[in-house]
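Chains as they are written, first to last, in this note's numbering: chain R, 1 to 462; chain W, 1 to 462.
These aren't lab readings, by the way, just hints derived from the structure by calculation.
There may be inaccurate statements among the hints.
Straight-line alpha carbon distances no greater than 20 Å define the calculated SDA-like cross-link-like pairs of lysine to any residue that follow [claimed, not checked]: (1) W:120 to W:140; (2) W:446 to R:439; (3) R:103 to W:244.
Footprint (simulated), chain R over chain W, 3 or more residues, beta carbon under 8 Å [what the hints assert, rightly or not]: (4) 171–179; (5) 419–430.
Cβ atoms here follow ideal geometry from the backbone N, Cα and C, with glycine treated the same way.
Protein chains: 2
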Amino acid sequence: MSVATVKIDETIAALRALLGERLSTSRAILERHGKDETFHAAYPPDAVAFARSVEEVAEIVKICAANRTPIIPYGTGTSLEGHIAALQGGVCIDVSQMDKVLKVNPEDLDVTVQPGVTRKQLNEHLRDLGLFFPIDPGANASLGGMTATRASGTNAVRYGTMRENVLALQVVLPDGRIVRTARRSKKSSAGYDLTRLFIGSEGTLGVITEITLRLYGIPEAVSAAVCSFDTLEGAVNTTIATIQSGVPVARIELLDDVQMDAVNRYSKLNYPPKHTLFLEFHGSEASVREQAEAVQAIAADNDGGQFQFTLQAEERTRLWQARHDAAYAAKALRTDCEIWATDVCVPISRLAECILETRKELDEAKVVAPIVGHVGDGNFHVAFVIDTKNPAEIELAEHLNEKIVMRALAMDGTCTGEHGVGYGKMQFLLAEHGGDAISIMRGIKKSIDPQNIMNPGKIFTQ
Amino acid sequence: MSVATVKIDETIAALRALLGERLSTSRAILERHGKDETFHAAYPPDAVAFARSVEEVAEIVKICAANRTPIIPYGTGTSLEGHIAALQGGVCIDVSQMDKVLKVNPEDLDVTVQPGVTRKQLNEHLRDLGLFFPIDPGANASLGGMTATRASGTNAVRYGTMRENVLALQVVLPDGRIVRTARRSKKSSAGYDLTRLFIGSEGTLGVITEITLRLYGIPEAVSAAVCSFDTLEGAVNTTIATIQSGVPVARIELLDDVQMDAVNRYSKLNYPPKHTLFLEFHGSEASVREQAEAVQAIAADNDGGQFQFTLQAEERTRLWQARHDAAYAAKALRTDCEIWATDVCVPISRLAECILETRKELDEAKVVAPIVGHVGDGNFHVAFVIDTKNPAEIELAEHLNEKIVMRALAMDGTCTGEHGVGYGKMQFLLAEHGGDAISIMRGIKKSIDPQNIMNPGKIFTQ
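Based on the sequences and whatever the hints tell you, model everything.
Here is the structure:
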């Protein structure tokens, strides 16, 4: 047991007095809270505290702080780089019961939610108001978790990421104080940007307890399209030309041939098993038509196959469900295997080169590893499907992952476009930012969390 | 002389050895560098260093750090809250000679510039490529200064502020180390958001030496419109309804009757001297027409007068020049007076109430103080035209300024939408954020600038 958790018994006793049944140390609960959706070793916490209010979170944090017990905030557990692993033990604060939509301001196009509200729940809540929240990372993640990992996903090419769509936060600091990072005005020049500091801080600076988000009117018209390509180049070049021509696509997603084959099997579809772009257009009926025609012409110039419109809502839903199930479809390619999903992001001018070299390398290594991507942003994912009981497979995936990341960095890209660092990508942060920039991050961490109790061992070594 | 500047002679001697003629201690140069464009007492620095490269900036910073000499970064001196005042003496680093556009990447829609490049210079450079940088705070500010104050302006309603449009920075830290805050990919989840931390930090954390910015394609069609209103309410409600209906206006600017009268006189125009909206639309020809018609209908519902289109580029330029000259026009309302410009920003649902109460209060106090605003963002400015030799006028303006800010805060708004804090608005930061949030900012400042040499006395007391 590490020094930091030496007083875990005192912590648990005090938390049990505070929370009663809502403090759990059952093995099943602990195990479920120590592992996210991808392959990283599980590290269960010593206890899970189910909080119901910001005041409770503050009390829990104070108790942990008094005993120097590590704290790991938890939403839905759908992160991908081991963010929720209790590397040094400690208390997981599960905020899934803080699931109230607190206030919608339709006139200001904003909403304030508790952190356990999921993106689907929010959009259900908003539908009758004609509003929606666009950020869609695939999983039905909690908005607290999406904020903490600076998530984005399929709609980011048009609507931006959590960075652009969070207006303000309420946060419980590592000493139990409750702060607001900003107010509801659309812009402000009043002091350091604490909101953006907490977005993407992965639970290392505090527990997010309220989030104010931007909203958008549901577009008058939405249409989708699918187009397959014989070459990966054709699909990627179509994407690049679309972005450069300024067509305001809402979604432009690439699934390579390996992934399309997996999706066809898993979702019982019969698309050509080729490199494929899934697109969505938002706007007026005229503008949606205009956008689709523009992309169709670009695809034709790049040897695209049939440009298949799917205007009906039902078919659109089926298509995007298939896209969102891509990871599960990939997993189904091999029995008893796990997914290890990595993601990088590069300037779009380098995207074709980056994806083509990656695909070639994966093929040469003979690994099962489909590529999918939010290619409009220069962001793509590789899902290694590996037998985690076979150390050689893990080692090979690690080796290939490193090559993918280093290639992206060499192209002026980032080691993660949207998954975050967790403990899975810590070794690449230094390569990306350099030691001096990391030392600034470390100084900020120390100034806010001098005891290093907030999600220790994540992002960078403390 | 304060403790911090006690070794100023050593600093000046070392800087002179480094820079020769480019280290100035001439009275005229010092005075010009100690005062920005609005009414705040002047504080000239002890010396001005004209840097030409990041390496030189780093050397200057190291010399100052060794002697604990305050450093004030300087672009064009067009800030408005005393940001460049050398409150504790020290060395002003003037980066106006670092004015190179380093690299345009048209395919990635980004550009990297040195901090002394001004926004007009950048747009001149980009025009032949069919690209533009939209952020336009009025003054022909340097991009370094715009980054440091988190500037925005007339186009922000559509394109966002510096917060959304800076991709990455190179910064010289207070100990002379040079860091990059990010790479060129459109998004990243790799660690704390250092880019956003430096945006809006007003020179208190380091000297910005390179900026990578997002670019946009010059729209196919641009049109402008002017519409006057008998009541301030009609103009503001037209704005609110336009934003809420989702029309993607590029600019929607309010000038109240006092300001329109001033503009007519100063720019020799003959608009009705009423509350007026200036608008601009970007898009395809069809979409620009559609947008204008939508706003025209909304204006008519709110008792708007004639909706005057100005489709020609020349007339559009004249119109926007008049808008940009609003401050000078206001100043011309009274001879031998200075402008004290304040700005606040509120959620748009509160904008009508906020502006109407403010106008009433200003009228009752019988001050000359036109209101102009980037009203699409809920942001407006009051320009007090005051005789700064009359303490009673200053005191009254201070009193009214406080009431304006407190009203905006009570409406969940901010004490400054885009001007920044400088030393002019420090007392309001606590009211806006609370002591706990300020303590986080203070901790960050201390972790990056432990000697407190970077622009001391700004944003919050250190």
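Here's how the hints hold up against the structure:
1. W:120 to W:140: The hint holds at about 6 Å.
2. W:446 to R:439: 13 Å, holds
3. R:103 to W:244: 17 Å, holds
4. 171–179: holds (count 4)
5. 419–430: As far as the region 419–430 of chain W goes, the hint holds, because 6 residues have Cβ atoms under 8 Å from chain R.
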